[in-house]
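Based on the provided sequences and hints, a complete structural model is requested.
Protein sequence lines, in the order shown, are assigned to chains Y and V.
Heads up: the first sequence begins at 1 in the UniProt record's numbering, then just goes up one per residue.
Heads up: the second sequence begins at 1 in the UniProt record's numbering, then just goes up one per residue.
Errors might be hidden in some of the hints.
Using 25 angstroms as the maximum straight-line C-alpha spacing, the simulated SDA-like pairs for lysine to any residue come out as follows [to be verified]: (1) Lys173(V) to Ala85(Y); (2) Lys111(V) to Pro57(Y); (3) Lys173(V) to Trp72(V); (4) Lys173(V) to Phe42(V); (5) Lys98(Y) to Val113(Y); (6) Lys24(V) to Val45(Y); (7) Lys173(V) to Val45(Y).
Only some residues are given here: those of chain Y computed to face chain V with a beta carbon under 8 angstroms [what the hints assert, rightly or not]: (8) Leu44; (9) Val45; (10) Gln47; (11) Pro57; (12) Asp61; (13) Val84; (14) Ala85; (15) Tyr87; (16) Gly88.
In case anyone wonders, no lab produced these hints; they're calculated from the structure.
The beta carbon of each residue, even a glycine, is placed where N, CA and C say it ideally should be.
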Amino acid sequence: MRRLALVAALLLPVAGQAGEAVPVSDDPVLEERVMRLSHDLRCLVCQNQSIAESNAPLAVDLRNQVREQFLAGKDEAAVVEYLVARYGDFVLYLPPFKGATLLLWLGPGLLLVAGAGWLAWRLRRRVREVPPPLSAEEHARASALLDGSAKPSQESRS
Amino acid sequence: MKAKFLVPLFIFLLLAGFLGYGLKLNPREVPSPLIGKPAPAFRVPQLQAEDKSISPEDLKGRVWLLNVWASWCISCRYEHPVLVDFARNSPVPIIGLNYKEVRGDGALDVKGIDPATELATARQRARQWLVEHGGDPYMVSAVDLDGRIGIDYGVYGVPETFLIDQQGVIRYKHIGPITPESLRDVLIPKIAELQRAS
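In structure tokens, the structure reads:
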């Protein structure tokens, strides 16, 4: 119980900050939609953050845009289209599948297939490979080992 | 199969080529999807003439530059003398877009400010900044209080500059402060090319 209280106390300043930075509307369902979409949109100022995470002024503005457009009755696809028209595919964390992104989408699969193909080819070749015949000397040594007349430990060390 | 030992070297060179190319790209420069598209419309109050408004419509038939700036923008201070110098005998008008002059300044607390006060404050601050930083290079500056025009133009950092042609189509976007080099090597040749085409 005391631990729980401690965790709660530690979270208090975080919660306070978050409430301060984000101007939220009263509608929790709308807010949930805004945040869900915002997590898939990249902030152009802090490029490793989504506009849901970033508190850059532009991210706040764009979240407000998303909210406003939802309120105006637009759906997710229309809002994404609105932002892509202005900022390009760069705002999408999930890049679209098109000519310029073919390598991006198909590259890993092609690499996997190529790697698997190469491995299969190698394995099959190894099976078919005939080991080189033993020389007379090797033959004698092998026979001696099989007879038990040689000392394997010494042999292997030499 | 004698050249087999060269395969890792080849892969290495390929990888180094890709990485080397990636190193030269500037992740801050996000290509604008608006190049080749009509400049988004707006009509907002002018910064200097209080009773007048400005719209891209007003510049139809001319090649012009739209320069996004604000008094709180640090890079604009480096860009400004270049613009002032260029404006002295610029072949094209430079239109300023004063972006979020009041709201964009993190140092100001402007929650619940009324629009009239915000416009007056923006005008006062922006004009003062122009006076303090070597003059007004703009034929006209548009006042974008809430940054909505900025969003329509895909602005994500100030300063940014758009080159717009006679038909009102955006032809080029410069991200970051204009330097004497970028002006000489890129903007001026592009302006000349557009003017020749007319």
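Going down the list of hints, with the structure as the test:
1. Lys173(V) to Ala85(Y): Roughly 15 angstroms between the alpha carbons, so the hint for Lys173(V) and Ala85(Y) holds.
2. Lys111(V) to Pro57(Y): 14 angstroms, holds
3. Lys173(V) to Trp72(V): 21 angstroms, holds
4. Lys173(V) to Phe42(V): 18 angstroms, holds
5. Lys98(Y) to Val113(Y): 21 angstroms, holds
6. Lys24(V) to Val45(Y): With Cα atoms ~20 angstroms apart, Lys24(V) and Val45(Y) stay inside 25 angstroms; holds.
7. Lys173(V) to Val45(Y): Holds, because 17 angstroms separates the two Cα atoms, which is no more than 25 angstroms.
8. Leu44: With Cβ-Cβ at 4 angstroms, under 8 angstroms, it holds.
9. Val45: 6 angstroms, holds
10. Gln47: 6 angstroms, holds
11. Pro57: 6 angstroms, holds
12. Asp61: Holds, about 5 angstroms.
13. Val84: Nearest chain V Cβ about 7 angstroms off; hint holds.
14. Ala85: 6 angstroms, holds
15. Tyr87: Interface hint status for Tyr87(Y): holds (5 angstroms vs cutoff 8 angstroms).
16. Gly88: 4 angstroms, holds
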